[in-house]
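Undergrad: Residue-level listing of the chains:
Protein chains: 4
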Amino acid sequence: MSRLTLLIDCPDESGLVARVTGVLHRHGGNIVENGEYVDPANDVFFMRTVTEGIEDADLLLRVLQTELPSGAKVKVTGARKKRVVLMATKEPHCLGDLLIRAKFQDLPMDVTRVIANHETLGELTESFGVPFHCVSADGLSREEHEEKVRELIEEDSPDLVVMAKYMRILSSEFISGFRNRILNIHHSFLPAFIGANPYRQAWERGVKIIGATAHFASEDLDQGPIIAQDVIPVTHTHGPKEMARNGRDVEKRVLARAVRLVLEDRVVVTGNKTVVFE
Amino acid sequence: MSRLTLLIDCPDESGLVARVTGVLHRHGGNIVENGEYVDPANDVFFMRTVTEGIEDADLLLRVLQTELPSGAKVKVTGARKKRVVLMATKEPHCLGDLLIRAKFQDLPMDVTRVIANHETLGELTESFGVPFHCVSADGLSREEHEEKVRELIEEDSPDLVVMAKYMRILSSEFISGFRNRILNIHHSFLPAFIGANPYRQAWERGVKIIGATAHFASEDLDQGPIIAQDVIPVTHTHGPKEMARNGRDVEKRVLARAVRLVLEDRVVVTGNKTVVFE
Amino acid sequence: MSRLTLLIDCPDESGLVARVTGVLHRHGGNIVENGEYVDPANDVFFMRTVTEGIEDADLLLRVLQTELPSGAKVKVTGARKKRVVLMATKEPHCLGDLLIRAKFQDLPMDVTRVIANHETLGELTESFGVPFHCVSADGLSREEHEEKVRELIEEDSPDLVVMAKYMRILSSEFISGFRNRILNIHHSFLPAFIGANPYRQAWERGVKIIGATAHFASEDLDQGPIIAQDVIPVTHTHGPKEMARNGRDVEKRVLARAVRLVLEDRVVVTGNKTVVFE
Amino acid sequence: MSRLTLLIDCPDESGLVARVTGVLHRHGGNIVENGEYVDPANDVFFMRTVTEGIEDADLLLRVLQTELPSGAKVKVTGARKKRVVLMATKEPHCLGDLLIRAKFQDLPMDVTRVIANHETLGELTESFGVPFHCVSADGLSREEHEEKVRELIEEDSPDLVVMAKYMRILSSEFISGFRNRILNIHHSFLPAFIGANPYRQAWERGVKIIGATAHFASEDLDQGPIIAQDVIPVTHTHGPKEMARNGRDVEKRVLARAVRLVLEDRVVVTGNKTVVFE
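Protein chains in written order, with this note's numbering: chain A, 68 to 345; chain B, 68 to 345; chain C, 68 to 345; chain D, 68 to 345.
Some hints here could point you the wrong way.
Repeated chains share a single entry, so a pair holds when one copy, or any two copies, can fit it.
The list that follows gives simulated cross-link-like pairs (lysine-lysine, DSS-like), each with its CA atoms no further than 30 Å apart [as the list claims (entries may be wrong)]:
#	residue 1	residue 2
1	K170	K157
2	K308	K142
3	K140	K215
4	K308	K157
Keep in mind the hints are simulated off the structure, nothing from the lab.
The shape of chain A in the complex, shown without the other chains:
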């Protein structure tokens, strides 16, 4: 039976759960998964519901918009696989992991292409039958380089762009063109060690735990809404190189987890934070 996923984000008022579930019930929908959250600081209501038995997504969307307070944002999505563009530089661990997960249907996405600023990962990408585009930054201004990348992305009209260790900083202009649609993995436990060389920073500080953070890219570097984080222990015996090596395993799993959450419509951005329905 076909499933629809509802994501609702609207000013809070009494009775919203009853109204939404009432609509679903009257239209023959059975609730398979349900989550709500009220942000008490801002009086905003969030709801994610997976329902079975309703065929007409557009009708459901219109009915909900009528029933809910003005200002409500409602999203109804079906089971279509999302279209994803991956971006990378030289490190294979995140890219390879996502390509395998896509190929073997572990993640519900079609990778339409991989864009990189070096040739290194071309062979790996193409061995999965995915088109690879190297856009070298050599001899180009930042604007020119980003313009080329943007054009390639827009050819695919992706639902999501995933920076799988894409190691160039993107301009605010670039990011604002894909608001909350660019997912990045930062190799530290943000907000610790913002910026370059986080493993070296971690080693210099002598921390006993390192981590990785998956977040939506925002105009402020490393400041976007966090989706998922994870950590591993380290000791004094780990130099920056060992931290980087062990950290790659964390980066890989945090990124895969965040991609899954976004693909399954479990993430709502609110201000600079996320509500994640798990």
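Since the structure of chain A is provided, determine the placement of chains B, C and D on it from the hints.
TA: Using the frame of chain A, we list chains B, C and D on its own:
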């Protein structure tokens, strides 16, 4: 404003969420927390809702029982602190932790008394102003000993009995008198290492992780519904003694976590499992 | 500068560390990493040392054998990449992860071939330029099937055979031919849920944590020496299918970790346990 | 048999392990635990050894100082319990945990007194038979207040001062009087959220993991050498208050772990980092 917590466990049918939230809305209740779960293997619906603005718990209970399918189990609880009897033997870590948490209102419970089969923990207990009863098993049959313990417990009519490392095995008869009201901490990651000396068993097997399990006591030893588990890494350098020492920290935190979940009415037992609303 | 790794396993007596480090010092070796462990239950001494500045591994081995008590087992290895045969069935996650790690030098191994009992993973394997051999069990007795597999393995004289979710049970005879050289990943936190369908067993028991275990294969199924374990939390919402999906990420990382430990000569088997120098 | 613990910190040169273990062997010492580490960035050698069978700690110290390079720092300690002053403010969780561990010999320390800047924890402290001193800051300058605290500490000549959630900032002058002898617990995963209200900062940033850090107090606030860290997951449903509540459990266990490491002479400070022999 006063809060009520609803726990519902009933045969699944379409529209249950709409019905329950509709009742709450019509009676002026605002939903503060909400969770549902449908067990697909048995078609059972579970719901936990915290609501503000409804004063009459009994009325709400009656209305819900009318609206819900026959066979529905409904529980409505107010903010009253639960009454808890703690049981222990010689080890202070779990008992001391719970006594401190109770004294400083970290856990919403009144510890009405501590029952132990040794004198060791009497001074500690009494320093918290809690009555201590040592019921030695010396010279008593198991039935006689349990009868004495049962009488002491029943004097307090507790909501919950917590075995904070009570190291005697209780008979099925004893446990069946307090079904799903005795919470136990087992010092292994169940179902591994059932029975005596789990740390020694773990050391003999050469595991690299050890754990602890909080569960409701059931007639079958170490087989009751699991509420919470946690683990820590160990290495070849940990003998049974070091495992036990490190394991105590896990036992302590798993037990405290499970006690909190039960005190906050977040746990529903279904068959030999639990649904835990977090 | 070239490095040698020493692994020593011998009856304990006083002064062993002084003797070994004295030998290294007199032969111009500088100690880069060092670990010792005495098993107090069996009076066995274990030592792992990485040394720089000694060129002649054979000479060092002979000197150490002279200096150490009779009964000492000494292993001296250089930086040669180990030869590894991977075995798999249909699931790509562990195999794909190891192939990427090998290709990009994250793990110091040459994968000489992949042997599977189904065709599913052939394309993935060959896209990494690694020979793939499908040995179907159809129409063969267990002995015949294992004989074919053994012949293929022996053609490569591998240092290690890694069962990357190879889902057939191997006979004691087969395993005894590769003692402590077959590494297996079991999809449970052993010794919980030995045998078939561990995720279903975990779901039926209602555990709140699931795990994976990498171990050397032994004649007794799922009883071999454990090298590494890890776990993740689950809730009542996870059925066997969701546990399996989430569990795959744990299997993948535990297996990769155990393979690394073995490739770096960090693991000594003693009885049914391992000493792991990290 | 009596045990001695050696801690060595000296400029690296070849043969140090052989020299130290040779000394121990010639004096009849048997090595029970041994760890070494060479800091490759600064060419410093660290060693911790536990030895049995040597009675004369002073002789051993003198011999080692003769054998080791000039500039070597050597510490030899026996099994004496360390003397510890605890400092606290109003929160009972860390203080209570340490008092129970001391009383029941889980940690090898004598708590000589508790100093607090509020009366709140007096009853709890005294119920453990430990002297309690409230030094209110009311009406005192920072210098005057710290002078009173310092005098109380110095009366006990403690090996260690543990700030068990002491919520006043200490001056550089105060701290420099107890260099690397004041252990503090900071309620964040440093270096994230330095300074006041870390849980509020964490909530505002929308992190998905929070943590705690045990470190030696240094002249720069929250910048001292880190001994231990740990974390727990949080979600969007956790406000600052819930983060604080859950965080207390992490603070408690990280602090206890760091105290144990220091009491067992497992921690060497080097620059702004620690070498921790576990």
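Undergrad: Should K140 paired with K215 be assigned to within, between, both, or neither, using CA atoms and 30 Å as the limit?
TA: neither (33 Å within a copy, 60 Å between copies)
Undergrad: Are the CA atoms of K308 and K157 at most 30 Å apart within a copy, between copies, both, or neither?
TA: within (16 Å within a copy, 35 Å between copies)
Undergrad: Checking K308 and K142: alpha-carbon separation at most 30 Å within a copy, between copies, both or neither?
TA: Between copies, since 27 Å is at most 30 Å while 44 Å is not.
Undergrad: Can you tell me if K170 and K157 fall within 30 Å by alpha carbon in one copy, between copies, both or neither?
TA: both (21 Å within a copy, 13 Å between copies)
In this structure, the one hint that does not hold is number 3.
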